[in-house]
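A.B. asks: These are the residues of each chain, in order.
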Amino acid sequence: MDQRTAVTAASTKLTMGKAINSGLRAAMERDPKVIVMGEDVGKMGGVYRITDGLQKDFGEHRVLDTPLAESGIVGTAVGLAVRGFRPVCEIQFEGFIFPAFDQINSQVAKLHYRTQGMLKVPLVIRVPFGGGVGAVEHHSESPESLFAHLPGIKVVSCSNPVDAYWMIQQAIECDDPVLFFEPKRRYHEKAEVDTEATPYPLFRSRVVREGSTATLAAYGPMVKTCLDAANAATEDGHELEVIDLRTLSPLDLDPVFESVRRTGHLVVVSEAPGEVSIASEIADRVQRECFYSLEAPVLKVTGFDTPYPPSKVEEEYLPDLDRVLDAVDRSLAW
Amino acid sequence: MDQRTAVTAASTKLTMGKAINSGLRAAMERDPKVIVMGEDVGKMGGVYRITDGLQKDFGEHRVLDTPLAESGIVGTAVGLAVRGFRPVCEIQFEGFIFPAFDQINSQVAKLHYRTQGMLKVPLVIRVPFGGGVGAVEHHSESPESLFAHLPGIKVVSCSNPVDAYWMIQQAIECDDPVLFFEPKRRYHEKAEVDTEATPYPLFRSRVVREGSTATLAAYGPMVKTCLDAANAATEDGHELEVIDLRTLSPLDLDPVFESVRRTGHLVVVSEAPGEVSIASEIADRVQRECFYSLEAPVLKVTGFDTPYPPSKVEEEYLPDLDRVLDAVDRSLAW
Amino acid sequence: MSSPEQWTHPEPGGGPAATAAKPTPEQVIAGLRATNEGGAELVELLTPEGERVANPEFDQYVDDIGAEQLRGLYRDMVLVRRADREGNALQRQGQLGIWVPLLGQEAAQIGAGRALKPQDMVFPSYREHGVAWCRGVKPEQILATFRGTQHSDWDPVEHRFHPYTIVIGNQVLNATGYAMGQKFEGKVGNEPDAEATMVFFGDGATSQGDVHEGFVWAAVYDAPVVFYCQNNQWAISEPTERQSRLPLYQRARGYGFPGIRVDGNDVLACLAVSRWALEQCRSGNGPVLIEAFTYRMDAHTTSDDPTRYRLSDELEAWKLKDPIERVRVHLVRSGMAEQEFFDEVQLEADQLASELRAYCFNMPDPPAERIFSQVYAGGNPLLERQRDEYVQYLAGFEGGAH
Amino acid sequence: MSSPEQWTHPEPGGGPAATAAKPTPEQVIAGLRATNEGGAELVELLTPEGERVANPEFDQYVDDIGAEQLRGLYRDMVLVRRADREGNALQRQGQLGIWVPLLGQEAAQIGAGRALKPQDMVFPSYREHGVAWCRGVKPEQILATFRGTQHSDWDPVEHRFHPYTIVIGNQVLNATGYAMGQKFEGKVGNEPDAEATMVFFGDGATSQGDVHEGFVWAAVYDAPVVFYCQNNQWAISEPTERQSRLPLYQRARGYGFPGIRVDGNDVLACLAVSRWALEQCRSGNGPVLIEAFTYRMDAHTTSDDPTRYRLSDELEAWKLKDPIERVRVHLVRSGMAEQEFFDEVQLEADQLASELRAYCFNMPDPPAERIFSQVYAGGNPLLERQRDEYVQYLAGFEGGAH
Ligand SMILES: Cc1ncc(C[n+]2csc(CCOP(=O)(O)OP(=O)(O)O)c2C)c(N)n1
Ligand SMILES: Cc1ncc(C[n+]2csc(CCOP(=O)(O)OP(=O)(O)O)c2C)c(N)n1
Ligand SMILES: [Mg+2]
Ligand SMILES: [Mg+2]
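Residue numbers (full-length UniProt numbering), protein chains in the order written: chain H, 1 to 334; chain F, 1 to 334; chain S, 1 to 402; chain L, 1 to 402.
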């Protein structure tokens with residue numbers, strides 16, 4: 001059932017980074033209109049090597065080392081998409097997506113609507129995001145909530161190599177623009193990836209651990225943190241259900257509602273600052289959908305509402321196992 | 001008590017637009033370091049005439065008709081602020097703030113933090129926002145939630161001429177960068193403004209109508225809608241309390257909590273798309289702070305999660321009196 | 001026209017020679033404005049007085065333009081002007097939310113528009129009603145945007161005419177990407193089906209980062225894109241000297257592709273220069289920047305009041321350079337058209353205007369459901385639920401529930 | 001050096017003459033790379049072989065540089081290189097999260113840095129450790145950023161040296177605004193306290209919209225800002241031809257202010273050209289673009305592996321143009337320094353390195369509260385509550401509650 005444990009003939013152990021690389025390769029082989037573009041994605045294969053080897057194998061016209069400007073990357077990708085290509089843009093680090101914000105908001109998200117559906121913008125914007133890698137400023141942020149507020153684009157995040165392999169391909173196949181958030185600090189985590197399995201649908205969240213005491217909802221880098229917390233919680237006799245949200249816009253909260261109706265307790269975990277965030281949205285929806293089931297208010301465990309701090313204190317900033325369990329305790333004790 | 005009704009010697013009837021103009025003028029007279037910059041703000045006085053007459057009276061070095069580029073406006077304003085000026089930037093319409101997103105996120109919001117407080121960035125970005133004016137695309141949006149998610153900046157919105165007059169001056173005096181959202185469709189609403197009154201503090205929300213049946217929380221253009229709804233609701237014997245949030249980041253929700261503890265019902269009203277919005281954040285906080293007081297979940301009445309539609313259907317898109325009252329009814333009937 | 005180097009900094013490399021070469025503001029403005037001095041800097045084939053002047057370089061690009069073709073260009077300009085005036089009138093009568101007039105820019109737009117081949121692609125800004133006309137988009141189809149029934153109403157693929165873009169500069173990057181795609185697909189070269197892209201923007205737009213990035217990308221990828229800047233002297237209330245010290249066509253110098261200034265009120269010159277530039281691009285020698293030097297004869301939009309910021313003298317001076325009048329004079333003087341022709345065109349224009357009017361009055365409002373449709377190609381269950389709930393809520397009113 | 005016009009498009013205005021003038025990729029690269037052919041295009045006062053060549057225009061800007069001053073420049077370069085190598089080593093030893101080497105760019109930075117007056121303001125990118133040195137920022141103060149104890153650790157007002165900016169291009173606009181402020185305050189003119197601003201950025205940065213907008217603003221407001229582009233040939237793995245067809249200093253042409261290319265490995269030339277440019281700006285004749293043609297001798301950062309994308313030949317060729325070596329040779333040949341001097345500087349460098357090292361090992365981690373402080377100048381009650389709750393939560397661990 002769980003792809004991460006199935007081992008078949010087509011199964012290989014891959015890091016998440018390599019899984020995305022393989023997924024990109026598979027998509028490029030399948031469709032000659034898929035092109036990859038960004039800073040240093042070509043000869044060098046990207047600063048995280050996610051596009052490693054692609055330019056060598058697919059040529060400079062399909063893997064473009066672009067000039068250094070993010071609005072240019074996304075803005076030209078829009079034109080390429082309108083022309084019939086399926087561009088996959090890389091933003092080198094999430095902190096550098098902001099120069100492209102205008103193109104994403106004003107063109108990427110709206111062209112389909114503006115033209116009454118006559119134009120499609122099937123592009124993917126890959127964004128390595130999140131902290132925990134000891135980096136300097138602008139290299140550890142979690143801006144996904146901003147994009148989840150924009151109608152017209154879809155936003156997803158993978159948390160493990162299996163999903164990474166499939167989700168990138170599904171995002172490329174999707175006729176809507178997709179922002180694809182990759183948890184950079186999990187790039188090196190490994191799992192068996194069965195390239196012949198039937199993939200789980202892209203825009204669906206998923207229970208990754210069942211439990212009955214309380215529910216944890218998370219995405220991207222925090223899924224592992226929540227799974228670790230759930231493991232630790234068994235010591236106290238708690239069985240925490242963990243849901244990997246996977247799709248952040250549109251949110252797929254039915255599994256969360258279902259879970260909360262059973263457990264009565266929900267903790268939403270995310271690295272991003274908590275104010276006006278995806279975590280807030282989930283709390284809002286759950287308090288409405290599960291009003292009579294909640295035994296405690298929905299709690300958030302998030303990054304603090306500050307700029308990302310110097311890396312020497314980032315472990316304090318980032319939600320960890322203890323903070324998650326503390327929130328679970330607070331919820332249970334409400 | 002209520003400044004909007006007090007009529008004194010220093011009191012004049014002003015539209016909101018004129019009130020902001022007067023507030024800007026007062027700030028410029030008080031402090032020679034206050035400068036105004038933006039597209040068409042000089043000779044023409046801005047497309048909404050908010051800066052009317054300022055260039056004539058203060059000169060071209062204090063009221064700058066800038067080149068046409070928003071990143072340039074905000075990016076140079078940062079430098080001017082670091083130099084000791086207090087720039088007030090105008091973004092012509094909210095839909096054009098996005099080219100400046102990077103400067104706002106990466107410099108405006110973070111310079112103070114980055115330099116351990118050694119630099120201040122006391123700039124104001126004025127943004128006419130919201131719909132209901134029959135405009136073409138990009139002229140009717142409500143992007144304030146995006147900015148409320150960014151730590152390091154403050155976000156406010158005025159809903160009436162009195163607040164407009166004072167809040168713009170307070171924002172200019174504030175040592176933090178402030179995004180100042182002006183509800184453009186209320187620019188022509190009038191009220192008595194007493195320029196000698198003691199202003200209400202900037203970062204505080206305010207009960208603008210007392211009531212006991214249910215609570216409405218809104219800001220900017222929707223405050224009037226809520227007041228109208230509250231008036232209409234008296235017909236059904238409902239006394240709705242209306243809270244003008246005024247400050248969107250940081251939110252000042254104590255009056256909301258206090259109110260909800262009395263009424264048990266809260267409807268948050270905003271024109272912006274509802275997902276991952278300020279309204280979500282309020283719902284989230286209230287469900288946590290008032291868990292045992294809520295008799296129904298917090299409801300949101302917001303713009304739909306679509307791009308802003310063609311203006312011929314905008315009245316359907318925008319929350320109106322009926323939709324607010326419908327939500328109140330649903331809340332009361334929960 | 002005297003070289004701009006005389007009034008601004010000399011060419012780089014000379015180092016200290018630049019000292020004191022700084023132009024006075026008056027010199028900058030004079031340089032930016034200088035247009036009718038003729039000379040190599042401004043391509044003009046038909047003077048404001050309607051005289052055809054020979055141009056050894058560009059005549060070849062219009063040697064197929066005989067009497068019939070010239071009458072055609074005249075007709076185009078008269079019709080688009082008439083449609084434009086009708087749009088303006090419809091706004092005044094409350095039929096449109098706003099109108100963006102092209103008045104004065106007919107030659108710049110028809111010259112460029114008629115230079116395009118069917119296979120070329122066009123990315124307009126928001127004032128290109130004349131180019132739209134050349135792409136087969138009917139004036140009626142433009143009304144939706146300004147009446148607020150739709151954001152955009154023509155099929156961009158069928159017409160190879162992208163929707164209007166309002167966010168200044170955005171389309172320049174989109175067009176550059178499209179042109180890169182043309183190149184990647186092997187559509188650049190000497191085949192008859194070779195393609196190019198033309199993108200329209202204003203003088204104010206040149207300040208935007210996106211326009212610069214479009215220039216950078218196009219240069220680096222040799223994209224077959226013609227950057228067509230209609231310098232109509234104003235960005236709302238701001239004159240060109242708020243955007244640049246140098247004539248805008250010279251911006252291209254810094255990127256290593258040609259920039260050229262054409263009399264934007266001369267339809268023949270605009271046609272010639274556009275054909276040249278498009279040919280450059282189609283054959284793989286792009287990009288090219290064209291500055292069509294013209295004038296916004298009306299307000300920025302119907303919401304604008306230009307008397308607040310510019311003198312009527314200026315307008316009067318430009319009236320003497322009217323793009324339509326000079327063709328009319330030329331047609332008459334050279335015996336290429338009789339009064340009958342002009343009367344016919346007038347009649348046709350009246351016809352067009354009254355059809356446009358009738359069309360406008362009969363435009364239905366979109367249903368409320370329009371709000372929710374075509375947000376996503378692949379759907380969105382949350383939004384569908386939102387729509388359903390709203391439709392149900394509306395139905396409640398019908399039943400008198402509220 | 002031959003004029004770039006020979007290999008790329010000719011000057012604009014000529015129209016069709018541009019046909020077929022399109023350069024081949026090889027020509028573009030040759031043009032971008034050409035540096036040592038000398039001539040008017042590249043200002044060089046000290047050859048790689050250490051020979052002083054006369055320059056009628058720029059000699060006057062360094063006529064006060066005698067033996068002592070030259071030894072000072074040499075010392076500066078040796079010390080900043082040594083600090084840089086120590087930074088690199090500290091990263092390798094796990095003491096720093098990352099290091100951004102300046103290796104190879106010492107002349108470009110010291111030349112510019114020593115041209116600045118105390119009242120001038122500087123906006124660096126993230127590689128300007130050499131400029132920092134000239135502004136009195138100690139190498140130690142730079143470590144915080146790369147160790148992750150603070151984002152930035154020096155007082156930008158005291159040193160008139162802005163914090164490092166990592167988002168490519170942002171600081172160019174900030175610097176332009178600052179320079180506008182200098183002008184608005186009347187600090188531009190012939191008074192001895194006249195001010196200018198210098199902003200540093202790389203070759204890759206020239207593609208960013210913000211850099212363009214900085215150029216536009218500076219030109220329109222005559223801002224006293226020197227745009228100092230260190231073209232170190234690479235933007236991480238991308239060579240300059242991914243950003244431009246033309247040599248970068250020529251970008252200025254399109255804006256109407258001077259652009260000049262200087263041998264960025266020649267500290268004397270960098271000093272002269274920077275002094276000239278700053279003087280232009282202080283006296284109201286700004287802005288100016290300088291392209292310091294240099295080479296990134298090391299990796300982009302310690303996270304980078306340049307062998308993936310560039311050949312070692314290139315590095316070897318540039319080693320022959322080392323910025324320090326040519327000054328050493330010149331000092332020796334002209335008898336301006338004895339071995340003793342070099343030994344002293346070496347000693348001083350070793351001393352500096354060991355102090356830096358010691359400092360680094362003793363840097364305390366910031367307290368967790370750092371996360372919450374100085375987010376707002378005027379405070380934020382929600383954040384204060386967040387901080388208090390977190391502190392209380394942490395206290396729970398101490399008490400063994402968890
Ligand atoms: C990014 C952005 N900023 C501001 C505006 C508001 N605005 C609309 S048109 C205009 C002036 C454009 O001038 P120009 O580029 O010369 O084109 P023109 O209208 O003269 O054709 C401005 C400032 C906008 N549409 N987009
Ligand atoms: C807006 C932005 N995009 C991407 C990056 C990632 N990045 C850091 S340095 C760099 C290359 C910069 O090259 P250049 O401007 O030549 O400066 P150099 O590093 O060579 O000094 C890139 C792409 C960034 N810091 N900011
Ligand atoms: Mg214009
Ligand atoms: Mg570089």
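Derived from the structure by calculation, the hints contain no laboratory data.
The reader is advised that the hints may include incorrect statements.
[What the hints assert, rightly or not] Which bits of chain L does chain F cover? Going by a derived footprint, with three or more residues having C-beta under 8 Å, they are:
{"hint": "1", "region": "160–168"}
{"hint": "2", "region": "177–184"}
{"hint": "3", "region": "214–227"}
{"hint": "4", "region": "373–386"}
C-beta atoms are modelled at their ideal positions from N, C-alpha and C, and glycine is treated no differently.
A.B. asks: Work down the list of hints and note, for each, if the structure agrees.
C.D. replies: For each hint, the structure was consulted:
1. 160–168: holds (count 4)
2. 177–184: n = 7 at 8 Å, threshold three: holds.
3. 214–227: With 4 residues in contact (Cβ-Cβ under 8 Å with chain F), the coverage given for the region 214–227 of chain L holds.
4. 373–386: holds (count 10)
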